[in-house]
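Undergrad: Below are the chains, spelled out letter by letter.
2 protein chains.
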Amino acid sequence: MITIGNELLIGKILNTNMQWLTYAITELCGNVVRVTTVGDYVDDIASALQEAFDRKADFIITCGGLGPTFDDKTLEALSKAVNAPLELDATTLRLMKKSCRFRHNSDDERYELTPSRLKMARLPHGGKPLYNPVGSASGVHLKYSGTKIVALPGVPMEMKTIFKEQVDPIIRDLVGDIFRTEGSVKVTGIRESNVAPLIDEVMNEIQNVYIKSHPKRRPELWLELHFSSVSDNKEIAEANVKKAMRCLSKLIINHGGKVEPII
Amino acid sequence: MITIGNELLIGKILNTNMQWLTYAITELCGNVVRVTTVGDYVDDIASALQEAFDRKADFIITCGGLGPTFDDKTLEALSKAVNAPLELDATTLRLMKKSCRFRHNSDDERYELTPSRLKMARLPHGGKPLYNPVGSASGVHLKYSGTKIVALPGVPMEMKTIFKEQVDPIIRDLVGDIFRTEGSVKVTGIRESNVAPLIDEVMNEIQNVYIKSHPKRRPELWLELHFSSVSDNKEIAEANVKKAMRCLSKLIINHGGKVEPII
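Chains as they are written, first to last, in our numbering: chain A, 2 to 264; chain B, 2 to 264.
Among the clues, some could well be false.
Any copy will do: because identical chains look the same in the list, a pair fits if it lies in one copy or spans two.
[Claimed, not checked] Subject to a maximum C-alpha distance of 25 Å in a straight line, what follows is the list of computed SDA-like cross-link-like pairs (lysine to any residue): (1) 161 to 101; (2) 243 to 85; (3) 251 to 193; (4) 99 to 15; (5) 57 to 81; (6) 217 to 21; (7) 13 to 185; (8) 244 to 183; (9) 217 to 105; (10) 165 to 14; (11) 13 to 103; (12) 99 to 254; (13) 13 to 177; (14) 149 to 243; (15) 99 to 222; (16) 213 to 115; (17) 165 to 59; (18) 149 to 96; (19) 13 to 232; (20) 213 to 21; (21) 165 to 217; (22) 81 to 58.
In short, the hints are calculated from the structure, not lab data.
Sequences are here, hints too, so could you generate the full structure?
TA: Shown next as structure tokens:
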């Protein structure tokens with residue numbers, strides 16, 4: 002994933018798009034390996050794309066930089082990274098016009114081709130627009146050697162709408178029949194450093210379960226243990242998580258800790 | 002900057018550390034060029050470090066993965082990336098003991114060298130600990146060819162405390178006498194796409210000013226314009242921002258928009 006915007010690099014805003022997208026992709030059983038955040042510069046965005054190609058990523062999702070302003074550079078960076086010229090795309094223009102009429106509830110046939118609208122309709126050769134019913138900037142879907150690329154606008158409502166309607170099926174198709182199960186328990190009365198070797202023991206014993214401890218401070222000090230498992234068989238994934246929870250809880254209780262379900 | 006943790010890649014938590022750190026570094030006039038988020042894997046963390054070396058970063062700050070549990074891999078990854086073996090560091094052990102006595106307000110001279118404590122005290126050769134008065138995992142300060150590296154724990158209170166007390170002066174020293182000024186205005190009554198060419202015009206005319214527009218939806222649609230300028234002369238940076246604000250406001254009003262200060 003590549004999130005784009007100077008405002009992210011100066012701490013002006015929280016990267017809520019990153020959390021929303023990583024959560025949504027994980028729910029679809031996708032495995033997000035890396036998130037890179039860069040500023041509004043063609044070279045920086047293009048390098049981040051190029052590095053993901055070099056790592057042979059199956060899927061790249063970018064977020065931000067598709068709008069009308071001078072510092073929206075994602076289409077230019079995509080063009081550079083996949084070495085395909087920007088071309089005015091008639092379908093994109095049509096979709097932008099449709100969205101404009103839909104949003105402003107107007108039958109006005111005049112749709113002025115301002116420079117900023119033309120900019121948003123110039124896609125890298127081979128790119129297909131992803132219709133944005135809630136804003137003017139279309140998303141883009143593109144393939145480059147073995148990698149699928151989806152570019153989404155950074156305005157949260159637009160990003161989420163395009164993702165739910167058009168990116169969700171692309172990811173489902175890519176992931177295939179994979180299931181992910183997770184669960185958490187609350188642990189008190191034992192230190193994280195004493196739980197660590199018990200987690201190791203359970204993860205060694207039960208394959209395909211990932212357990213992570215998160216120390217929490219509110220209302221008082223406690224430990225969340227988060228279990229997850231991924232499998233092409235839903236029952237196996239669920240059984241793995243249940244078994245790991247049971248085994249680890251038992252070990253923790255034997256070591257003087259207390260385990261409670263998190264509802 | 003490298004933020005580390007599987008919980009960030011599955012959308013379990015918001016990357017608040019990224020916002021806090023990028024904001025703090027920007028306040029010190031540092032320029033954050035890229036943030037990479039990777040999971041709790043030695044190879045992924047080491048690759049992200051290696052790529053930052055290849056880009057000749059002046060400064061790398063990592064956050065997360067310094068704790069006692071099996072999935073805390075940052076020290077191992079640092080060791081791999083800078084090609085320096087992990088060695089038990091006596092100073093680190095002493096600081097860990099000091100922190101433990103400080104936090105638990107105890108004069109107990111027994112300080113058990115559990116495996117998890119020994120793990121946190123094994124630094125890459127040449128690394129120096131950064132004292133953590135509010136937790137057990139020390140930070141690490143390290144140099145590798147032209148790059149300074151600081152590794153901080155991911156627990157927010159620990160990260161912030163070490164940063165304020167010990168990383169702040171390192172960054173001040175690296176940045177030198179540079180000043181950063183910023184300001185914002187609220188714009189209504191004109192579309193972002195019509196403001197875009199006006200921003201271009203002002204940025205072309207006034208050097209060293211960066212202007213970015215942020216569309217907002219609450220309580221109603223409006224546009225925040227954010228101005229910033231960096232200079233080795235504080236008065237020049239301030240004058241640049243003031244001049245850009247004045248020029249752009251005038252242009253916007255001439256185009257039918259309304260400009261208000263943001264207090």
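Undergrad: Does each hint hold? Answer for all of them.
TA: Evaluated hints:
With identical chains, the CA atoms of residue 161 and residue 101 are at most 25 Å apart within one copy only, with a shortest distance of 18 Å there and 46 Å across copies. With identical chains, the CA atoms of residue 243 and residue 85 are never at most 25 Å apart, being 49 Å at best within one copy and 41 Å at best between copies. In this assembly of identical chains, the alpha carbons of residue 251 and residue 193 lie at most 25 Å apart only when taken from the same copy (16 Å versus 59 Å across copies). In this assembly of identical chains, residue 99 and residue 15 lie within 25 Å of each other by CA distance neither inside one copy nor across copies; the values are 32 Å within and 35 Å between.
Taking CA atoms no more than 25 Å apart as the test, residue 57 paired with residue 81 passes in both settings, with 18 Å inside one copy and 23 Å between copies. Taking identical chains as interchangeable, the C-alpha atoms of residue 217 and residue 21 lie at most 25 Å apart whether they share a chain (22 Å) or sit on different chains (19 Å). Proximity of residue 13 to residue 185 under the C-alpha cut-off of 25 Å is restricted to the inter-copy arrangement: shortest distance 12 Å between copies versus 32 Å within a copy. Taking the shortest alpha-carbon separations for residue 244 and residue 183, only the intra-copy value of 12 Å comes in at or below 25 Å, while the best inter-copy value is 55 Å.
In this assembly of identical chains, the alpha carbons of residue 217 and residue 105 lie at most 25 Å apart only when taken from different copies (18 Å versus 47 Å within one copy). For the homomeric pair residue 165 and residue 14, the shortest alpha-carbon distances inside one copy (23 Å) and between copies (21 Å) are both at most 25 Å. For the homomeric pair residue 13 and residue 103, neither the shortest alpha-carbon distance inside one copy (32 Å) nor that between copies (35 Å) is at most 25 Å. For a Cα distance limit of 25 Å, the shortest separation of residue 99 from residue 254 qualifies neither inside one copy, at 61 Å, nor across copies, at 30 Å.
Taking the shortest alpha-carbon separations for residue 13 and residue 177, only the inter-copy value of 23 Å comes in at or below 25 Å, while the best intra-copy value is 38 Å. In the homo-oligomer, the alpha carbons of residue 149 and residue 243 never lie at most 25 Å apart, since the shortest distance is 35 Å inside one protomer and 45 Å across protomers. Taking the closest pair of Cα atoms, residue 99 and residue 222 come within 25 Å of each other only across two copies (21 Å); inside a single copy the shortest separation is 54 Å, beyond that limit. Proximity of residue 213 and residue 115 under a CA criterion of 25 Å is satisfied inter-copy only: 20 Å between copies versus 52 Å inside one chain copy.
Taking identical chains as interchangeable, the C-alpha atoms of residue 165 and residue 59 lie at most 25 Å apart only when both belong to the same chain, with a minimum of 20 Å there against 40 Å between chains. Proximity of residue 149 and residue 96 under a CA criterion of 25 Å is satisfied intra-copy only: 22 Å inside one chain copy versus 49 Å between copies. Taking the closest pair of Cα atoms, residue 13 and residue 232 come within 25 Å of each other only across two copies (20 Å); inside a single copy the shortest separation is 39 Å, beyond that limit. When the C-alpha separation of residue 213 and residue 21 is checked against a cutoff of 25 Å, the pair qualifies both within a copy, at 20 Å, and between copies, at 24 Å.
In the homo-oligomer, the alpha carbons of residue 165 and residue 217 lie at most 25 Å apart only across protomers (22 Å), although the nearest pairing inside one protomer, at 32 Å, exceeds that limit. In this assembly of identical chains, residue 81 and residue 58 lie within 25 Å of each other by CA distance both inside one copy and across copies; the values are 18 Å within and 23 Å between.
In terms of the numbered hints stated before, the structure departs from hints 2, 4, 11, 12 and 14, listed from lowest to highest.
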